[in-house]
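Peer 1: Sequence:
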Amino acid sequence: MFYARTWCILNKKWEWEHIKVAYMALFAFIVPMIIGQILTLVLLSPNAAFVGEMMLEIPLEAGLLILGIIGYLKQG
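For the sequence shown, my numbering begins at 1 and goes up steadily by one.
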């Protein structure tokens with residue numbers, strides 16, 4: 001995310017449509033990450049440290065995805 005914003009700020013030739021496409025491409029990676037983490041928790045019986053980390057990361061990633069979708073819809 002940070003790199004996409006930095007690139008868009010430095011490269012001012014980008015139009016808003018290109019920026020929206022870049023954001024949606026980045027947010028598209030969040031869904032498979034969440035699914036993969038949940039499957040890892042269920043199928044591989046991870047240790048307690050991994051479970052604790054996932055309990056923090058999954059809600060944060062889901063919140064980021066929801067905020068991204070809301071922001072995209074409000075810009076449209």
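Read the hints as simulated data drawn from the structure, not as lab findings.
Glycine included, each C-beta is placed from N, C-alpha and C at the ideal position.
Hints are not guaranteed to be accurate.
What follows is a list of derived Cβ distance ranges for each label pair [stated by the list, open to error]: (1) L56 with P32: 13 to 23 Å; (2) I30 with K74: 17 to 27 Å; (3) L60 with A25: 33 to 43 Å.
Peer 1: List, from low to high, the hint numbers that the structure doesn't satisfy.
Peer 2: Hint 3 is the one this structure does not satisfy, whereas the remaining hints hold.
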